[in-house]
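Fit chain U to the given chain W structure using the hints.
There are 2 protein chains.
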Amino acid sequence: MLKIAIDAVGGDYYPQNPVKGAIMVLEEREDIHIILLGPEELVQNEIAKQGYSGDRLTVVNAPEIIGMDESPSVALKTKKHSSIAIGLTMHAQGKCDAFFSAGNTGALLGASMFILGKIEGVLRPTIGSIYPSIEGNKLMLDVGANIDVKPEALVQFGIMGKVFVENILGIKNPKLGLMNIGEEEEKGREAVRQAYAMLRERDDFVGNIEGRDVMKAKADVYICDGFVGNLLLKLGESIPENILEIIRRSERAKTLSKEELGLIKSVMLDALAPFDYQLIGGVPFLGINGVSMVGHGGSTPLAIKNSILSAEKIVLKKVNEQIKAALN
Amino acid sequence: MLKIAIDAVGGDYYPQNPVKGAIMVLEEREDIHIILLGPEELVQNEIAKQGYSGDRLTVVNAPEIIGMDESPSVALKTKKHSSIAIGLTMHAQGKCDAFFSAGNTGALLGASMFILGKIEGVLRPTIGSIYPSIEGNKLMLDVGANIDVKPEALVQFGIMGKVFVENILGIKNPKLGLMNIGEEEEKGREAVRQAYAMLRERDDFVGNIEGRDVMKAKADVYICDGFVGNLLLKLGESIPENILEIIRRSERAKTLSKEELGLIKSVMLDALAPFDYQLIGGVPFLGINGVSMVGHGGSTPLAIKNSILSAEKIVLKKVNEQIKAALN
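Order-wise, the sequence lines are chains W and U.
Our numbering puts the first sequence at residues 24 to 351.
Our numbering puts the second sequence at residues 24 to 351.
Treat the hints loosely; a few may be bogus.
Chain copies aren't distinguished; within one or between two, either way the pair holds.
Think about it this way: if two alpha-carbon atoms lie no more than 25 angstroms apart in a straight line, the pair counts; the simulated DSS-like pairs of lysine-lysine are [to be verified]: (1) K100 x K210; (2) K288 x K239; (3) K277 x K239; (4) K173 x K210; (5) K241 x K102.
Simulated from the structure, these hints should not be mistaken for lab results.
So here's chain W without its partners, still in its complex pose (with noise of 0.2 angstroms):
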């Protein structure tokens, strides 16, 4: 039985949101062991409340917590007891098949590298988003672990990417494109067009993506350095909240009555649920010897079951070492 170790203290919401979607996989699958880890009275009180009974959920303690605004290296070298840093141990000598954690992004990036490693080859592990389009979730990286990527390391997201979209997103053949501010393969930074020329050779490049394609699914991996994806990724979740205030606000809105204002921001919001970070699953860090997720730090508990779901989806279907062959 697969087991997946959660971070019960991660996001904003703890403990009552990761125990809440840990209880929710538990429910729905009998064929997945979950491990809870947190200060162990905060998160068996957590359990009590919600009510679960069955024998797939072990609590591990873990009485450091890492805040979501801590500095990630001052956190690692003073909190040796933090759940992050117990579970990547545990997942690092097998007692668990995955780790996930809503929680500070920087600490388990940094805590994952030094307990985990990286997969060989890899230049540099990377953290991708899902970014909606009017076709679907697509996958953009790196959104913020690595601010000046060499051409080399961008060429590796997109083919990391590839990998992760295929297999947990389901899209056949996918396709990569450069995050660029022209079509053109003269355009960008420097380290841009290096990565132009390289990814030119590949039958599954598409070429440079402007800022209006995102959304219009022209690729299906949006590769850019950390700086533009969190930049880009950050712009794209506050859509539905600010266009509807925008919406609100407009003149044109005085002319609605009440039914027809609650038409328009229910349809959009229901359209919009795929820019909702919170119904959104977590992505593994690419690259990482092991499985690490990371949510968002707002994650519901749906978003958490998803991405526990997600998390054994990489174990199973090998990601990494798909990753690994796809490198060579």
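The following block gives chain U in isolation, referenced to the frame of chain W:
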């Protein structure tokens, strides 16, 4: 009387849109003279077709047309009689007060640098763009003219942008924000971190702005390099069309009547009109020793009219003198 020169063969819809925009201004205002530049017969025919017969419209023959996708450096070398080259030369000679084109941005910037030069003290002239927010229009800059930018130049972008939004957008006490991937000052690329350290001393600096905060109006001037700005701008421009398409394809849309879908579309387009680049007037190259404005290739006649009226404001408010003073 103010004389404003317009590229009659710039943009995707010439000569009709530039000619129409010019005539709209002439019909609304009696104190502006417009000079239209382009192949004389083409332009005269269009004016006759649209039916303007007053005496505040002059045509200056500029037989060569620079294409939207033409290499700026090649175009400027080989087409000495383009509307851009002749119009800017007239401006440099004092024969007109400003020049506007919806044409090839790179060619216009290159020619502006060569023919008009920089304002004393300016490191890099920059091109900004209006960015809509829940509290109205803001300015993002640079959006494509400068890919790799030194920290000192980023700071100057902010100072020049501030003069623009105060005078042209009418924002009182504008605040400067630095596009970054986190709120903390140690976040981001080296140049961005150094720019933060310089900006920190200013009372008008509100700190780093994340992607999610652009539309929230956390600042009035968003400072970034042209790679980041171009991607954020084009993603923003694509929002209305793509969001409508995502709604149309959603499961929820299948439950709606034709009337309900029509209402949603119409309200969204009304409310999101500020995002519509076809309606937004041009923005000047800030830092150029003259008034050289560029508009979106898809500019409608209304956008061109708005651009001409902005150009007038820039001249009358002596924006360049203010920039010179602000940089000292």
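How the hints compare with the structure:
no.	hint	verdict
1	K100 x K210	between (42 angstroms within a copy, 20 angstroms between copies)
2	K288 x K239	both (23 angstroms within a copy, 18 angstroms between copies)
3	K277 x K239	between (31 angstroms within a copy, 21 angstroms between copies)
4	K173 x K210	both (16 angstroms within a copy, 19 angstroms between copies)
5	K241 x K102	neither (44 angstroms within a copy, 35 angstroms between copies)
Checked against the numbered hints listed earlier, the structure breaks hint 5 alone; every other hint is satisfied.
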